[in-house]
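Start from the sequences, fold in the hints, and give me the full structure.
Respectively, the protein sequence lines represent chains Y and B. Residue numbers for the first sequence follow the working numbering, beginning at 7 and rising by one. Residue numbers for the second sequence follow the working numbering, beginning at 307 and rising by one.
The reader is advised that the hints may include incorrect statements.
Here are the computed lysine to any residue pairs in the SDA-like style, where the Cα-Cα straight-line distance is at most 20 Å [what the hints assert, rightly or not]:
no., chain 1, residue 1, chain 2, residue 2
1, Y, LYS170, B, ASN414
2, Y, LYS136, B, THR342
3, Y, LYS111, B, LYS338
4, B, LYS347, B, GLU337
5, Y, LYS111, Y, PHE14
6, Y, LYS111, Y, LYS128
7, Y, LYS42, B, VAL334
8, B, LYS344, Y, ILE230
9, B, LYS396, Y, ALA191
10, Y, LYS193, Y, ASP24
11, Y, LYS18, Y, ASN130
12, B, LYS338, Y, TRP110
13, Y, LYS111, B, VAL334
14, B, LYS396, Y, SER129
15, Y, LYS128, B, THR342
16, Y, LYS193, Y, ASN130
17, Y, LYS128, Y, ALA191
18, Y, LYS21, B, SER394
19, Y, LYS111, Y, LYS170
20, Y, LYS15, Y, HIS104
Derived, one-sided and incomplete: chain Y residues facing chain B with beta-carbon distance under 8 Å [stated by the list, open to error]:
no., residue
21, PHE46
22, LEU48
23, TRP110
24, ILE119
25, MET173
26, LEU203
If you're looking for bench data, these hints aren't it; they were derived computationally from the structure. Note that CB positions come from ideal geometry on N, CA and C, so glycine has one too.
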Amino acid sequence: MINSKYFFKGFKSIKGIDSPALALGASFIAIGALLKNIGFNLEQSIFSTFLTYALPGSLVMAESFIVGASLINIFLAVWLVNARLYPMTVSLMPLLLHKSQPRWKYYLSCHFIAVSAWLIMKSNYQSIEKKHRIDFWIGIGTGTWSIAIIATVIGFLAADYLNKDMMIGLAIVNPVYFGCMMVGAMKSLQINLSIILGAILGPAFFFISPEWSILYGGVLAGTIAYFVGEFK
Amino acid sequence: MNEMSSNIILVILVTSFATYLSRFLGVVSSEKIDETSKIFKWFNCIAYSILAALIARMVIFPSGVLQEADLWLRLFVVIICIIVYLLSKKNLVYPTVLSAILLALLNNYL
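Written out as structure tokens, the structure is:
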């Protein structure tokens with residue numbers, strides 16, 4: 007059903023010098039501690055990472071929960087902040103689709119689409135035959151997702167021992183890891199421009215609309231980069 | 307307490323549904339998109355620029371505890387760590403470990 011050779015090849019991407027384990031661990035330790043502080047119990051915290059597995063969404067959920075937002079408002083806020091998962095999925099799944107593979111694999115494993123797993127898959131897919139890419143992806147996803155769940159437990163249990171400076175230290179790890187991965191992905195004019203323009207326009211749009219800045223800035227930057235790359 | 311607890315479960319379910327929705331619709335759309343098509347390339351550019359925008363925002367306009375560290379301190383740590391990443395032949399362990407220690411120390415002692 008799932009080819010174990012490729013599954014474990016993907017699973018092993020959590021080891022080594024380009025491992026996402028530290029970055030994912032640090033940010034989900036912070037989430038675990040945050041969830042404990044806002045009144046979740048251990049089971050609920052695990053359940054949250056298990057089902058959502060997307061960092062900005064969990065942060066928005068926690069912020070909305072503290073201020074007592076309605077379920078509709080929580081839904082809209084989370085949907086908006088996680089809408090980036092749509093272009094991420096559309097720019098990943100066509101690389102993995104193979105007619106010999108059952109569809110359920112794609113609809114289940116899209117749950118693993120999050121920045122770290124996506125970046126690992128994007129930088130490794132070419133070395134795997136197309137037929138086996140989905141099993142390789144399920145391996146990467148299972149590995150990174152497990153780290154997130156374990157780190158949530160650690161963060162929940164360690165919450166009382168983490169002081170403010172440690173929390174600040176943990177919070178910078180994730181943007182530094184993603185920033186390095188993005189610099190590492192800069193290999194063609196279109197991608198380089200997308201990344202540079204996105205990093206400029208995203209924060210620039212914050213002054214116009216904080217909630218929409220990432221989508222506005224990202225779509226505009228990506229579209230400019232696409233056209234410059236196509237017509238140069 | 308019981309009401310509070312069922313409320314938390316609902317919040318988690320709503321959050322995960324709102325998150326899975328974009329992933330699910332992405333797979334539905336992917337069925338019709340060829341990896342060599344122009345639309346795929348366009349979405350690829352948008353995905354990278356949205357991530358770059360997200361990361362830049364996490365550093366420049368963070369939510370949560372990062373707000374308590376100075377903007378210049380955050381930028382300094384990120385730039386130093388990217389330099390370390392490039393100098394160490396793209397080792398990700400050094401810059402990530404360094405970033406946490408550096409920011410926690412600098413924020414405490416500056």
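Right, here's what the structure says about each hint:
Between Y:LYS170 and B:ASN414 the CA atoms are separated by roughly 10 Å; this keeps the pair inside 20 Å, and the hint holds. For a cut-off of 20 Å, the pair hint linking Y:LYS136 to B:THR342 stands: about 14 Å separates their Cα positions. Annotation: proposed proximity of Y:LYS111 to B:LYS338 holds, straight-line Cα distance about 17 Å (limit 20 Å). The suggested pairing of B:LYS347 with B:GLU337 holds, with an alpha-carbon distance near 15 Å, which does not exceed 20 Å.
Taking the CA atoms of Y:LYS111 and Y:PHE14, the gap is about 16 Å. The hint holds against a cut of 20 Å. This hinted pair checks out: Y:LYS111 and Y:LYS128 have alpha carbons roughly 18 Å apart, not beyond 20 Å. With a CA separation close to 36 Å, the supplied pair Y:LYS42 and B:VAL334 exceeds the 20 Å bound. Taken as a hint, the B:LYS344 and Y:ILE230 pair is honoured in the structure, with Cα atoms around 14 Å apart against an allowance of 20 Å.
For the hint linking B:LYS396 to Y:ALA191, the alpha-carbon distance of about 11 Å falls within 20 Å, and the restraint holds. Taking the CA atoms of Y:LYS193 and Y:ASP24, the gap is about 17 Å. The hint holds against a cut of 20 Å. A threshold of 20 Å between alpha carbons decides the hint, and for Y:LYS18 with Y:ASN130 the separation of about 12 Å falls inside it, so the pair holds. For the given pair, B:LYS338 sits about 16 Å from Y:TRP110 by alpha-carbon distance, which is consistent with the 20 Å threshold.
For the given pair, Y:LYS111 sits about 13 Å from B:VAL334 by alpha-carbon distance, which is consistent with the 20 Å threshold. As the CA atoms of B:LYS396 and Y:SER129 are separated by approximately 13 Å, the hinted pair is consistent with the 20 Å bound. Taken as a hint, the Y:LYS128 and B:THR342 pair is honoured in the structure, with Cα atoms around 15 Å apart against an allowance of 20 Å. This hinted pair checks out: Y:LYS193 and Y:ASN130 have alpha carbons roughly 14 Å apart, not beyond 20 Å.
With a CA separation close to 9 Å, the supplied pair Y:LYS128 and Y:ALA191 stays within the 20 Å bound. The hinted pair formed by Y:LYS21 and B:SER394 meets the criterion: a straight-line CA distance of about 17 Å does not exceed 20 Å. Pair hint Y:LYS111 plus Y:LYS170 does not hold up; C-alpha atoms about 41 Å apart against a cutoff of 20 Å. For the given pair, Y:LYS15 sits about 19 Å from Y:HIS104 by alpha-carbon distance, which is consistent with the 20 Å threshold.
Of the supplied interface hints, the one on Y:PHE46 holds, with its beta-carbon coming within about 6 Å of a beta-carbon of chain B, less than 8 Å. Interface hint at Y:LEU48: violated, since its Cβ lies 12 Å from the closest Cβ of chain B, which is beyond the 8 Å cut-off. Here the hint on Y:TRP110 is broken, as its CB sits about 11 Å from the closest CB of chain B, past 8 Å. Because the beta carbon of Y:ILE119 sits about 5 Å from the nearest beta carbon in chain B, less than 8 Å, this interface hint is met.
At its closest, the beta carbon of Y:MET173 sits 5 Å from a beta carbon of chain B; the interface hint therefore holds under the 8 Å criterion. Residue-level restraint check for Y:LEU203 holds (minimum Cβ-Cβ distance to chain B is 6 Å; threshold 8 Å).
In this structure, the earlier hints numbered 7, 19, 22, 23 are contradicted, and the remaining ones agree with it.
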